[in-house]
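So the sequence lines, in the order shown, correspond to chains A and B. The C-terminal residue of the first sequence carries number 252 in the working numbering, and the numbering is unbroken. The C-terminal residue of the second sequence carries number 1253 in the working numbering, and the numbering is unbroken.
Since the hints were derived computationally from the structure, they do not count as laboratory data. Small disclaimer: the values here were computed from a predicted structure and weren't measured. It is possible that some hints are incorrect.
[Said to hold, decoys possible] Here are the computed lysine-lysine pairs in the DSS-like style, where the Cα-Cα straight-line distance is at most 25 Å:
no.: 1; chain 1: A; residue 1: LYS30; chain 2: A; residue 2: LYS211
no.: 2; chain 1: A; residue 1: LYS209; chain 2: A; residue 2: LYS229
no.: 3; chain 1: A; residue 1: LYS211; chain 2: A; residue 2: LYS229
no.: 4; chain 1: A; residue 1: LYS29; chain 2: A; residue 2: LYS70
no.: 5; chain 1: B; residue 1: LYS1008; chain 2: B; residue 2: LYS1142
no.: 6; chain 1: B; residue 1: LYS1144; chain 2: B; residue 2: LYS1229
no.: 7; chain 1: B; residue 1: LYS1229; chain 2: B; residue 2: LYS1059
no.: 8; chain 1: B; residue 1: LYS1059; chain 2: B; residue 2: LYS1008
no.: 9; chain 1: B; residue 1: LYS1142; chain 2: A; residue 2: LYS74
no.: 10; chain 1: A; residue 1: LYS30; chain 2: A; residue 2: LYS70
no.: 11; chain 1: B; residue 1: LYS1229; chain 2: B; residue 2: LYS1142
no.: 12; chain 1: A; residue 1: LYS30; chain 2: A; residue 2: LYS74
no.: 13; chain 1: B; residue 1: LYS1209; chain 2: A; residue 2: LYS71
no.: 14; chain 1: B; residue 1: LYS1068; chain 2: B; residue 2: LYS1008
no.: 15; chain 1: A; residue 1: LYS74; chain 2: A; residue 2: LYS117
no.: 16; chain 1: A; residue 1: LYS74; chain 2: A; residue 2: LYS29
no.: 17; chain 1: B; residue 1: LYS1209; chain 2: A; residue 2: LYS74
no.: 18; chain 1: A; residue 1: LYS117; chain 2: B; residue 2: LYS1209
no.: 19; chain 1: A; residue 1: LYS71; chain 2: A; residue 2: LYS30
no.: 20; chain 1: A; residue 1: LYS143; chain 2: B; residue 2: LYS1008
no.: 21; chain 1: B; residue 1: LYS1209; chain 2: A; residue 2: LYS209
no.: 22; chain 1: B; residue 1: LYS1209; chain 2: A; residue 2: LYS143
no.: 23; chain 1: A; residue 1: LYS143; chain 2: A; residue 2: LYS124
no.: 24; chain 1: B; residue 1: LYS1209; chain 2: A; residue 2: LYS70
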Amino acid sequence: MENVIEISNLDYSYPDGHRALSGINLEIKKGEIFGIIGPTGAGKSTLLQHLNGLLLGNGEIIIDNLRVEKKNEKAIREKVGIVFQNPDDQLFCPTVFEDIAFGLYNMGFTSREVEEKVTAILEKMNLSRLRELSSHHLSFGEKKRVALATTLVMNPQVIALDEPFANLDYGNIMTVIDMIRQLPITRIIISQDILLALSICNRIALLDKGKIITVAQPEVIAANTHILKNAGLDYTPYLQLIRPWGFDFHKN
Amino acid sequence: MKHDFIDKYSTLDSSVHRLDPRTKVLFSLLFLVIVTSVASIPSLAIYLLFALVLVIISKVPIHFFIEKIMLITPLAFLFSAFIYISYLIEHSRSFSISMFSIHYSVLDTIVPIVMKIYISVLIVTLLVSSTRFNDLLWALRKLKFPSIVTTLSKLVYTYIFLFIDEMHRTMRAYRSRTPIRRISRIKAYGSITAGILTRSMNRSEYIYKAMMSRGFSGEFPECRINRFKSLDIIALFLFLAIIILEKFISWKM
Ligand SMILES: Nc1ncnc2c1ncn2[C@@H]1O[C@H](COP(=O)(O)OP(=O)(O)OP(=O)(O)O)[C@@H](O)[C@H]1O
Ligand SMILES: [Mg+2]
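With these hints in hand, go ahead and build the complete structure from the sequences.
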């Protein structure tokens, strides 16, 4: 399968000198669900912001044969949609409608097309009820879904989701998982919830202290408790917690 | 929490709301120019009446306008008193100030000025309250206002929402850790303000990223109603008719 994203030798330090990423090499294939896991502060969100040029580090990032740099900004941002970790950072318009319409207007759609597209996505994501509300009035789960809608409506080739499951109830998590699975595009998912990441991703990169420790299939990562433990991501104690209930996770 | 913002009545539906934003901007500008250029009280009365009719047609609650009028009233009187006094000083050398002349010039200077200010406030309030902010900026952009003006306004508008939101959050966080409702210490105000500012700044950085991430480049999003309709033509003729009427009446007098 062809690569849609190629990152080589990416380094990034924040203006205060903190080195958040060093020597990142990564290839992401077209249409896959690619997971990025790692402990708090590993640099996951920082890496994500490089994918559409919000941050520009040293090194090279190629997206669909286009180099991420200042002059390709517009094209890159239409190709790669990012949904931030905190939905309050993503929503800034007076109403949900306007928030979802914002990107479309920037892409140059006419009012009628925007109206149609926004209506369609609201219906598809079961959000029509919220259309004219202010995003500040929504519950966290609703905000998260609206934030996802603001990016999906732009129909990107790659969507990168920063912690899409955090702070959601199981019902909402399942809805989001279904939605992610059905999207026919390349999906990049950052998650602290390692079990969820293992269960839905095709491949996973483990990031720790700004470096990639390994990239592998979920079953390989899941079996390698040693490296997980080193990164503070060992999930087996969790399983121990619910073992008394009689589920045996190792059977299948 | 509820944001009380300038365009909070922009989602109402009325003939005024349905006008093309460009028509509204042009009319408002024209209206302001005409109103500042006439001086006679009857002429101003006609324009005031016209403005009031528009206000009623717009269905925007009257109290919204009254609030704005109340806000401007002290300033309006102060301003006209100032002008009146300078008028007196200017004329005191050549004219003796009889009771009559004072009375006459009060009517002649203060009343028209206050009327002009009221009409302008009504028109501007009507414009911004009956038009979505984005549509208004779009119209300004289409009418060749420099993009720096419209982009800045857009950012300010966005950040004001964000700022209000952060203010509510911070106050909530503060209250949740303060048993009494009142903020008791002056010092607490300082740290609360600092908190609100840093939080808004942090968030605005992310918000800016979110805007860029969705293709924002400083250019202007289109508006939702953007075609001149027969309604705009009708409005144009109505406006012309009022101007002609006023000119006719002041010529007769
Ligand atoms: N604006 C900034 N200025 C300076 N340092 C920053 C900034 N943003 C993040 N960092 C630092 O960079 C490192 C990586 O941050 P990042 O947000 O990418 O982590 P993360 O893996 O997404 O963590 P989490 O899972 O908690 O979201 C952290 O140590 C963080 O303190
Ligand atoms: Mg993060």
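For this session: For the pair we were handed, B/LYS1209 and A/LYS209, check the Cα-Cα distance against 25 Å.
Result: holds (24 Å)
For this session: Quickly compare the C-alpha distance for B/LYS1008 and B/LYS1142 to 25 Å and report which way the hint goes.
Result: holds (23 Å)
For this session: For the pair supplied as a hint, A/LYS30 and A/LYS70, confirm whether the alpha-carbon distance does not exceed 25 Å.
Result: At roughly 24 Å apart (the allowed maximum being 25 Å), A/LYS70 and A/LYS30 satisfy the hint.
Exercise. Quick one, are A/LYS74 and A/LYS117 close enough, alpha carbons at most 25 Å?
Worked result: holds (20 Å)
Problem set entry | Straight-line alpha-carbon gap B/LYS1059 to B/LYS1008, limit 25 Å | Status holds; Cα separation ~13 Å.
Problem set entry | Holds or violated: A/LYS30 to A/LYS74, with C-alpha atoms at most 25 Å apart | holds (21 Å)
Exercise. Is the straight-line distance between the alpha-carbon of B/LYS1209 and that of A/LYS71 25 Å or less?
Worked result: It holds: about 17 Å lies between the C-alpha atoms, which stays within 25 Å.
Problem set entry | Satisfaction of hint between A/LYS229 and A/LYS209, Cα-Cα up to 25 Å | holds (14 Å)
For this session: Compare the distance between the alpha carbons of B/LYS1229 and B/LYS1142 with 25 Å, and conclude whether the hinted pair is satisfied.
Result: Holds, at roughly 17 Å.
Exercise. Are B/LYS1229 and B/LYS1059 close enough, with their CA atoms no more than 25 Å apart?
Worked result: Roughly 20 Å between the alpha carbons, so the hint for B/LYS1229 and B/LYS1059 holds.
Exercise. Are B/LYS1068 and B/LYS1008 close enough, with their CA atoms no more than 25 Å apart?
Worked result: Since the Cα atoms of B/LYS1068 and B/LYS1008 sit roughly 14 Å apart, the hinted pair holds (cutoff 25 Å).
Exercise. Does B/LYS1209 pair with A/LYS143 here, judged by a C-alpha cut-off of 25 Å?
Worked result: This hinted pair holds, its Cα atoms lying about 18 Å apart.
This entry satisfies every hint, going by the numbered hints stated previously.
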